[in-house]
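S.K.: Got chain R sorted already, so can you dock chain H onto it with the hints?
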Amino acid sequence: MEDLERLLTDLSSRDISIHLSARQALIDLGDSVVDLLVDRLADEDIKLVASIVVILGEITNPRSFQSLINCLEHPHTLVQMQAATALGRFASKDSVSKLIDYLPHSAGLVEQSILNVLIKNATVEVLPQMLDFLHTTPSNVARYMTIRVLANIGNKDLISDLEKYLDDENHHVRNDARIAIDKLRDEIESEE
Amino acid sequence: MNSELSFLYIDDTESSRKVMRLMLTDMLGYEDLVLLEDSSDLINRLDQLEKQFRIVFLDINVEPLNGYDVCKLLRQHDNYSSARIIALTASTRPSDLEKMRDVGFDGAISKPLDLETFPNQLQSILIGDVLWDAI
Numbered sequence: 247m248e249d250l251e252r253l254l255t256d257l258s259s260r261d262i263s264i265h266l267s268a269r270q271a272l273i274d275l276g277d278s279v280v281d282l283l284v285d286r287l288a289d290e291d292i293k294l295v296a297s298i299v300v301i302l303g304e305i306t307n308p309r310s311f312q313s314l315i316n317c318l319e320h321p322h323t324l325v326q327m328q329a330a331t332a333l334g335r336f337a338s339k340d341s342v343s344k345l346i347d348y349l350p351h352s353a354g355l356v357e358q359s360i361l362n363v364l365i366k367n368a369t370v371e372v373l374p375q376m377l378d379f380l381h382t383t384p385s386n387v388a389r390y391m392t393i394r395v396l397a398n399i400g401n402k403d404l405i406s407d408l409e410k411y412l413d414d415e416n417h418h419v420r421n422d423a424r425i426a427i428d429k430l431r432d433e434i435e436s437e438e
Numbered sequence: 011m012n013s014e015l016s017f018l019y020i021d022d023t024e025s026s027r028k029v030m031r032l033m034l035t036d037m038l039g040y041e042d043l044v045l046l047e048d049s050s051d052l053i054n055r056l057d058q059l060e061k062q063f064r065i066v067f068l069d070i071n072v073e074p075l076n077g078y079d080v081c082k083l084l085r086q087h088d089n090y091s092s093a094r095i096i097a098l099t100a101s102t103r104p105s106d107l108e109k110m111r112d113v114g115f116d117g118a119i120s121k122p123l124d125l126e127t128f129p130n131q132l133q134s135i136l137i138g139d140v141l142w143d144a145i
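Chains as they are written, first to last, in the numbering used here: chain R, 247 to 438; chain H, 11 to 145.
If you're looking for bench data, these hints aren't it; they were derived computationally from the structure.
Just so you know, these numbers come straight off a predicted model, no measurement behind them.
Any given hint could turn out to be false.
[Stated by the list, open to error] To be clear about the criterion: a stretch of chain H counts as covered by chain R if any three or more of its residues have a C-beta under 8 Å from a C-beta of chain R, and this derived list gives those stretches: (1) 29 to 37; (2) 116 to 129.
[As the list claims (entries may be wrong)] Straight-line distance between alpha carbons at most 27 Å, and here's what the computed DSS-like set of lysine-lysine pairs gives: (3) 344/R to 28/H; (4) 344/R to 121/H; (5) 82/H to 28/H; (6) 344/R to 366/R; (7) 339/R to 366/R; (8) 366/R to 410/R; (9) 109/H to 121/H; (10) 82/H to 121/H; (11) 429/R to 402/R; (12) 121/H to 429/R; (13) 429/R to 366/R; (14) 366/R to 121/H; (15) 28/H to 61/H; (16) 366/R to 28/H; (17) 61/H to 82/H.
Note that the Cβ used here is the ideal one computed from N, Cα and C, for glycine as well.
Bound conformation, chain R alone (with noise of 0.2 Å):
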């Protein structure tokens, strides 16, 4: 247990070295130490508990789900963003739906912790939802990297929905609908 509180104790120097390796010596052990790291979570220290999320993302013990899906309301930013991206670790449908829940969200960081996890996992059963999200955003990077998701998704009867954004005001939207337009039509001519 002492040498728990001391790696704990770690994750917190300000010498990025110890601050690694402690990291990593925690995910080492793996499932023998979620539960004490979930308990931490309330911890005030918010390097801690951040770090903490990291390292239970790693470990991906669904013992730790419903704490990480918590910490995706965290009154600090980071923690809320590094529990998205821990979440996205789990890659599972489940934690897939749990983050579309938070679209949109207040902090346009999370949003987009949130879209970058979604361009990696998401698959057509959120369509109906991203397309929403997609057609209400006010934001341009909330948009382009909706795009991106729905890219990767791959339904080719998307295209039309996607062309809307080839005359977007903002470019990054703009090349990332002809971007998507694109791999979308070769995937079409690679089916043929």
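M.R.: Using the frame of chain R, we list chain H on its own:
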């Protein structure tokens, strides 16, 4: 580890600057961080700060001087000629990486910052490793 390290980050995207502050300051405890939103009148602005930045992170698409030109400018200045200058870029084209090396960058990191790998990248930067395979 030197807790008085000075960092400079130049990026015209507000969310990118916020993420850098969250990671460097809130997460990793480095409080001496200066954020600039553009590269206009850069040397005069930096001289007024009277700091010797140890690490400079630079968005390659910053304006009015782009990241390549800013790097060249910094390398000509006594205060920054030996700083570690790292490009932030979404480009992985070999020609772009070659150009970054040629103008004096010490490495490149992908944009957006990866919250999980950035501490490892920073550690590499601080111990003097190159980061050309990090993107």
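S.K.: Within a Cα-Cα threshold of 27 Å, do residue 429/R and residue 366/R meet the stated pairing?
M.R.: Given pair residue 429/R, residue 366/R holds - Cα atoms ~16 Å apart, limit 27 Å.
S.K.: Just to be careful, I want the Cα atoms of residue 82/H and residue 121/H compared with a cutoff of 27 Å; is the pair within it?
M.R.: Holds - the C-alpha atoms of residue 121/H and residue 82/H are around 21 Å apart, at most 27 Å.
S.K.: Can you confirm whether chain R covers the segment 116 to 129 of chain H, using C-beta to C-beta distances below 8 Å and requiring at least three such residues?
M.R.: holds (count 4)
S.K.: For the pair we were handed, residue 366/R and residue 28/H, check the Cα-Cα distance against 27 Å.
M.R.: holds, 23 Å
S.K.: With the threshold set at 27 Å, check whether the alpha-carbon distance from residue 28/H to residue 61/H stays at or below it.
M.R.: holds, 21 Å
S.K.: Would you check the hint for residue 82/H and residue 28/H, treating anything up to 27 Å between C-alpha atoms as holding?
M.R.: holds, 26 Å
S.K.: Is it true that the CA of residue 429/R sits at most 27 Å from the CA of residue 402/R?
M.R.: holds, 10 Å
S.K.: Are the Cα positions of residue 366/R and residue 410/R separated by 27 Å at most?
M.R.: Roughly 24 Å between the alpha carbons, so the hint for residue 366/R and residue 410/R holds.
S.K.: Holds or violated: residue 344/R and residue 121/H, Cα atoms, limit 27 Å.
M.R.: holds, 26 Å
S.K.: Is the straight-line distance between the alpha-carbon of residue 109/H and that of residue 121/H 27 Å or less?
M.R.: The given pair, whose Cα atoms are some 18 Å apart, holds under the 27 Å limit.
S.K.: Please work out if residue 61/H and residue 82/H have their alpha carbons no farther apart than 27 Å.
M.R.: holds, 19 Å
S.K.: Taking 27 Å as the top limit, are the C-alpha atoms of residue 121/H and residue 429/R close enough?
M.R.: holds, 22 Å
Violation of the numbered hints given earlier is absent; every hint is satisfied by the structure.
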